[in-house]
Amino acid sequence: MASAVQIADYGKWESPITAELLSGYSITLNEVQTNPKTGAIYVIEGRPAENGRCCIVEYLGSETRDILPEGYNARSRIHEYGGGAFAIGPNGTLIFTDWETNGIFALSPSSGDPKPLIHAKSHLCFADFSVHPIHEQWILAVQEDRSLSPIQNSIVAIEATTKETFIVTQGADFYSHPRFNHDGTEICWTQWSHPDMAWNGTELFRATWHPGTVASGTKIAGAAGTESICQPRWGPDGTLFFVSDRSGYWQLYRINPGAETSEHVCLKGLETSDFGEREFWLGNTILSSYTKDATSALVVINLDTNKYTDLPLGLVDIQHSAIKRLSDSSFVVIGASEKAPRSLYLVEITEPAFKKLIKSSIEVELPEVLYSTPQMIEFPRVYGEFRSGSGHAIYLPPNNPAYQAPAGEQPPLIVSLHGGPTSHVSPGLLLETQYWTSRGYAYVHVNYAGSTGYGRAYRDLLKQRWGVIDDADAASCVAHLISLSYVNPAKIGIVGASAGGYTVLQALCGYPDVWAGGVSYFGIGNLKPLAVMMHKFESYYIDQLLFSIGTPLEDQARIFEERSPYYKAGNIASPILLLQGTEDTVVPPSQAIDMERMIKETGGTVKLVLFEGEGHGFRQMHSLKTAIVLEEEWWRKTLL
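In this text, residue positions in the sequence shown follow UniProt numbering: the first is 1, and each later residue adds one.
These aren't lab readings, by the way, just hints derived from the structure by calculation. Do not take every clue at face value.
Lysine to any residue pairs mimicking SDA-like chemistry, simulated, CA-CA at most 20 Å apart [as the list claims (entries may be wrong)]: (1) Lys-12 to Ile-542; (2) Lys-12 to Leu-640; (3) Lys-307 to Thr-350; (4) Lys-607 to Lys-637; (5) Lys-528 to Ile-542; (6) Lys-12 to Tyr-435.
Computed spacing ranges between beta-carbons, pair by pair [to be verified]: (7) Gly-314 to Thr-226: 29 to 39 Å; (8) Thr-213 to Thr-64: 51 to 61 Å; (9) Val-364 to Glu-554: 50 to 60 Å; (10) Gln-152 to Glu-554: 25 to 35 Å; (11) Asp-145 to Glu-632: 27 to 37 Å; (12) Lys-292 to Pro-367: 24 to 34 Å; (13) Lys-292 to Leu-357: 19 to 29 Å; (14) Leu-357 to Asp-9: 28 to 38 Å; (15) Val-609 to Thr-64: 48 to 58 Å; (16) Val-609 to Val-364: 18 to 28 Å; (17) Gly-269 to Ala-457: 11 to 21 Å; (18) Leu-610 to Glu-260: 30 to 40 Å; (19) Pro-367 to Gln-170: 48 to 58 Å; (20) Pro-150 to Gly-258: 34 to 44 Å.
We put the beta carbon where it would ideally sit given N, CA and C, even for glycine.
Sequences and hints are given; from them, build the entire structure.
Structural data, given as structure tokens:
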């Protein structure tokens with residue numbers, strides 16, 4: 001007999017999604033590699049229960065095992081955010097970089113014994129590896145030399161037998177995606193320099209490979225400031241594929257062998273989509289992911305006809321660096337659906353496509369009926385100076401089959417702002433969100449102006465408007481939901497991390513009547529000191545988000561102050577919780593400490609909690625659990 005539905009106020013429902021589950025029974029699935037010769041699948045798992053250690057795990061048939069010994073952490077430090085931590089060679093040897101030592105190691109899955117490939121130095125960081133397809137002692141990598149001022153980035157070639165490192169190309173501020181072609185005779189890479197970010201203006205180069213020498217590269221696509229190139233990838237016949245936003249969207253292009261110019265792989269119906277990862281099969285067929293309106297999907301493309309077939313897998317969030325070919329008819333992918341969290345799947349390209357779950361990011365199985373279904377919404381801009389166009393968001397109503405709210409009651413709303421700020425949230429299942437909806441909170445992810453997933457024009461809206469249009473979008477989204485009678489106007493909270501935490505503080509200052517409470521995870525309070533000490537990768541990021549090139553210094557100083565919550569703390573009318581890691585090198589703890597002091601001095605209500613040993617993003621089980629508990633206590637205090 002089914003249990004009777006209980007009547008309880010919104011926000012006071014009990015849920016099987018607990019803080020312990022989110023912190024101790026969940027992992028992150030990061031990058032994936034495959035060995036088509038053996039059928040082995042390798043994935044990097046981030047484990048909060050092991051203090052955030054990233055372990056390489058092998059899946060081979062029905063066997064699963066950790067192949068990275070304890071004491072090693074497969075994670076890179078490049079650009080402060082990391083990424084590109086491992087690759088696989090033609091003989092199945094894995095190449096990875098270790099977080100603690102910055103060393104590069106060769107890992108044989110059969111022995112599980114990492115062998116050093118370089119003489120590790122603490123000031124040299126490496127990532128984004130590519131192993132030569134024939135002479136596998138040669139490995140390309142992006143190198144970051146932190147002993148120099150400014151920090152110097154380059155592409156290097158590592159000779160594994162001698163442990164020597166040779167410069168392949170340098171001179172630009174940043175490099176990415178160094179890749180050998182199918183027979184190892186050519187290489188490609190992308191590069192960009194200040195003041196650009198990778199999504200503003202990048203250039204694609206190719207060069208003939210000569211071992212141990214500086215490459216004489218030829219630029220073949222891209223332009224500083226106006227065109228972003230990403231995801232270069234060689235096809236099995238020497239065709240070079242890449243993605244460019246020259247049309248306003250990251251579309252797929254190719255340069256055929258012997259050709260000097262690129263051609264657009266124009267797929268009818270997908271012209272306003274952003275393409276991402278791709279893999280290759282025989283018969284001029286490729287698999288690719290794409291994103292449209294913050295929602296991802298997979299297609300199989302016939303390059304002879306420029307026709308494509310959708311794969312009906314239900315995955316609406318495809319992770320970066322997470323599609324790999326396994327055989328002539330199968331591949332693996334890390335993705336999430338609306339009803340399943342981010343997971344590793346094996347997919348057979350059949351009719352219809354079938355996906356087999358290999359590993360979920362959550363170790364506890366929960367009933368789908370518990371999950372709130374996301375609703376894609378578009379809202380008019382009714383706050384702020386910039387009111388043309390619409391903003392985007394993903395709304396999730398309260399949902400728990402065991403509970404029902406009293407008749408006529410409206411739920412409290414938590415407004416979530418993603419970090420980046422050049423990023424987006426997809427409708428893929430996030431248990432962190434379902435934690436709240438299953439307790440009776442409404443939840444909305446605002447993909448404010450500047451978010452990815454909607455084309456370059458939407459992305460560029462944040463230029464010179466950071467702290468003006470993003471916080472206004474958050475308030476406008478709330479106004480829209482109130483107009484639909486979805487939420488209680490008196491019970492609105494706002495939360496965000498990093499750049500999202502900054503926008504939380506800006507919104508609390510700029511629109512104090514909208515909010516009943518706020519939570520900022522390692523958010524920015526004072527822009528000027530952050531800009532002065534900002535790490536190299538983002539050292540011009542803040543400038544382009546605040547003002548145009550050539551803005552007089554006195555105007556820059558004025559804008560820094562106008563856009564800094566620190567100087568407007570007296571406007572904050574609702575209680576604010578600040579959560580901050582003590583080892584954060586991106587947004588240092590001084591930002592939160594100074595913000596707490598200023599709010600107190602101006603008569604506001606604030607609580608600051610420092611997390612020892614945590615950096616920019618909490619990774620340890622205890623920290624994750626504590627943060628969830630503190631946030632829930634805060635919402636119970638301010639919204640219920």
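Item to check | Hint numbers contradicted by this structure | outcome: 1, 8, 11, 15, 18
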